[in-house]
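Chemist: Given next are the chains, with one letter for each unit.
Number of protein chains: 2
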Amino acid sequence: MTLDLQPGQKLARGVSRHLRGLGFVSVEEFVPARGLRVDVMALGPKGELWVIECKSSRADFLSDAKWQGYLDWCDRYFWAVDVDFPTDLLPPDTGLIISDAYDAEIIRMAPEDKLPPARRKAMIQKFATHAARRLQALRDPGAALFDDSGDEG
Amino acid sequence: MTLDLQPGQKLARGVSRHLRGLGFVSVEEFVPARGLRVDVMALGPKGELWVIECKSSRADFLSDAKWQGYLDWCDRYFWAVDVDFPTDLLPPDTGLIISDAYDAEIIRMAPEDKLPPARRKAMIQKFATHAARRLQALRDPGAALFDDSGDEG
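Sequence order for the protein chains is D and L. With my numbering, you'll find the first sequence wraps up at 153, consecutive numbering, no jumps. With my numbering, you'll find the second sequence wraps up at 153, consecutive numbering, no jumps.
One copy or any two copies: either way a pair holds, since identical chains are not told apart in the list.
No more than 25 Å apart at the CA atoms, straight line, and that leaves these computed lysine to any residue pairs for SDA-like:
(1) K126 to G21
(2) K121 to D72
(3) K10 to F61
(4) K46 to V31
(5) K66 to A118
(6) K10 to F146
(7) K46 to A118
(8) K46 to D148
(9) K114 to D93
(10) K126 to D75
(11) K114 to Q68
(12) K10 to Q68
(13) K10 to A143
(14) K46 to K126
(15) K46 to A143
(16) K114 to E29
(17) K126 to D72
(18) K46 to D147
(19) K10 to G35
(20) K46 to A137
(21) K10 to G142
(22) K114 to L71
Source of the hints: derived by calculation from the structure; they are not laboratory data.
Make a model of the complete structure from these sequences and hints.
Modeler: Below, the structure is given as structure tokens:
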């Protein structure tokens, strides 16, 4: 099963496993707003929202021009990289997670910048919608025909 | 795929498909509070929460002593039954959906009794957690070992 995953997806899997131990659930490829797509959006037991961008290589990191746009959509922002990644490249005011396909560890906690309540509420609703749609897609592929919109939620 | 489903699960699948056309997402076997488990919890685009109990037979309905306890956890309450079900049995102040494994139709809209805002917020967070956990369970069965609790969310 792991063999089918791209490098970034392996990192995301380990991150999601580790976060689950902290009481967080996660979804991948979450769209907080049009034109933005985060690798992992995690939701904590008190409604905390963390974004984790997974970078499998130096080039993968350097080609990302959008990451600062994600800061407005979470309480904490992390990078997830593998153990060989040159972490000196990463901006200091962000969180750092070392990950592989099987588990992960938070090396540096991200600073907290709390979302406004209305945005948090909208994001949790969107998270719920995203997760339920993906779940239904796996359980009942035929359901997609009933979709009311092209939105990928 | 349909052949593996129990009668109640077939009804639930048709209900979830139909609701998707109305912009609602759904999860099955949702636990709003300890000791309660609803067949389908649906979440609408404005945060509406609907409970749908699926009854495959007269006996299945008559043996349900808990349904009134679900009214406190949703804005609208529906029964979903197949076309042969004796619908005269069902209480008049509830919604009615006729369903099969492939689609469904709302025959009688349920009256609205809006959730208090704090409970709605808690339920949407719980819905998000439930959906994300079930999704992760299908995508990465090994993740269950990382769970922080025995809670089935």
